[in-house]
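Listed here are the chains, written in short residue letters.
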Amino acid sequence: MARVAIYVTPKAGILDPQGVTIERALPALGFEGVSAVRVGRYITLEIEGAEGDELNAQVESMSRRLLANPIIEDFFVEIVGDQEYPHDSCGGSEEVIVGEENTPRKAGEHAASPWTAADPYASGQEETEADAEGNEDFEKGKEGVITSEDKPPRKAGEHAASPWTAADPFASGKEEVAKEDREAGKE
Amino acid sequence: MTAETVSGAASAEPGAESPRRPVNFGIVVFPGSNCEYDAHHALSTFPDAAPHYLWHKDHDLDGADVVVLPGGFSYGDYLRTGAIARFSPIMQEVSEFARAGGPVLGICNGFQILAEAHLVHGALLQNRGLKFICHPQYLKVERNDTPFTRRFQVGQVIQIPVNHNEGNWTAGSESLRQIEEQGLVVFRYCDERGNVTDGANPNGAVDNVAGIVNEAGNVLGMMPHPERVCEAELGGTDGRGVFGSLIDHILEQ
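From first to last, the protein sequence lines stand for chains A and B. For the first sequence, counting from 1, position 177 maps to 177 in our numbering; every step adds exactly one. Counting the second sequence from 1 gives a position; our numbering is that position plus 187.
What the hints contain is simulated information worked out from the structure, not anything from laboratory work. If you're wondering where the values come from, they're calculated on a predicted model, not measured in any experiment.
Among the chain B residues that face chain A by a calculated CB cut under 8 Å, a handful are:
hint, residue
1, A310
2, R315
3, L317
4, A358
Listed next, with one range per pair, are the computed distances between beta-carbon atoms:
hint, chain 1, residue 1, chain 2, residue 2, range
5, A, L45, B, E283, 27 to 33 Å
6, B, A287, A, G49, 35 to 41 Å
7, A, G81, B, D385, 47 to 53 Å
8, A, R24, B, E379, 26 to 32 Å
All C-beta atoms in this analysis are idealised placements derived from N, C-alpha and C, irrespective of residue type, glycine included.
Please construct the entire structure, taking both the sequences and the accompanying hints into account.
Structure representation (structure tokens):
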């Protein structure tokens, strides 16, 4: 049995309305300077039987055909094997990412609406640190193990233009998007 | 109603020697479809149309001349809209039917399924306002040489309601260029004067695309719901043009 994690993200140049909305909401919480918010999907699963290249091929095929839509989404696959998933509580671990130990939330602590409070996370300093640690683990986990499909996450600045203001939301879209589109169309 | 009166069926065209046979519309029902009855009802107002339902688990189009993929929330819109329905058993037959030139009309969720199945170009993202929208919408007809639009004029402005959360059509930039070069866009969102503007774009769809055909022109995906405007009592009759065109197309074959 092999555990597999699949990350599905919106392609460069493709409008991500959820990401845009979150990006707009963050300043209201006092988080300034945040940009390039993109919302994706994290899928975990277990596969019996297949190993090695066959396993890779199976996961890539299911990702391309069903889990992601290559026209609008990139995906990459991480074969975890019998290890625990990089960062979640799905099957592999009882542990929750934002651990309770780190961030004991007392009743009423989040009572205020995040939309009206000046900074509802003012008391959540530890939580932020925990998140940062989690991200580090994630980064470490990626190295070496990723049976990479497609490219690594895109570079900073690639999403410079806001699709909401740019005349052409695809102005920054790379040709490869279209190529994949074409390929997908021929399936 | 004028167009309908003229082509309404029973009044066979002058010189027609044999009585018209009814056009067989197969309406595919997926778990979560919810516009199949509307489509059936709308089609039943055409004397020349014989609508019937097709169950998604079947491998049989039951002699359909036209396949309709209705609106709704197939498979609860899980994963992506249309992503699961696209692999329903009957979609194999629908794909073969489409590749053989049979007319396939995908409305709303049906459009999303066609896009996921790569039977039309592009993909449908969440509306840019992140809101479910439901209102009458003006559309500009870009082509009337398709089996779906022959009763319209090019440039005609029609009104058909939209009703969706993921109608934000998009495609890669290169793909988009080819789509426009080949003139695959059939309907665009516009204002009542036919101006295709961002202000008239309800969901952020690239180039205001509301409906698009495949290269062969026999598969149309459209977000607006023509089946909801087929009777004056229900607010409009512009949707009749779509179904009426299909009837004309089949009867002339």
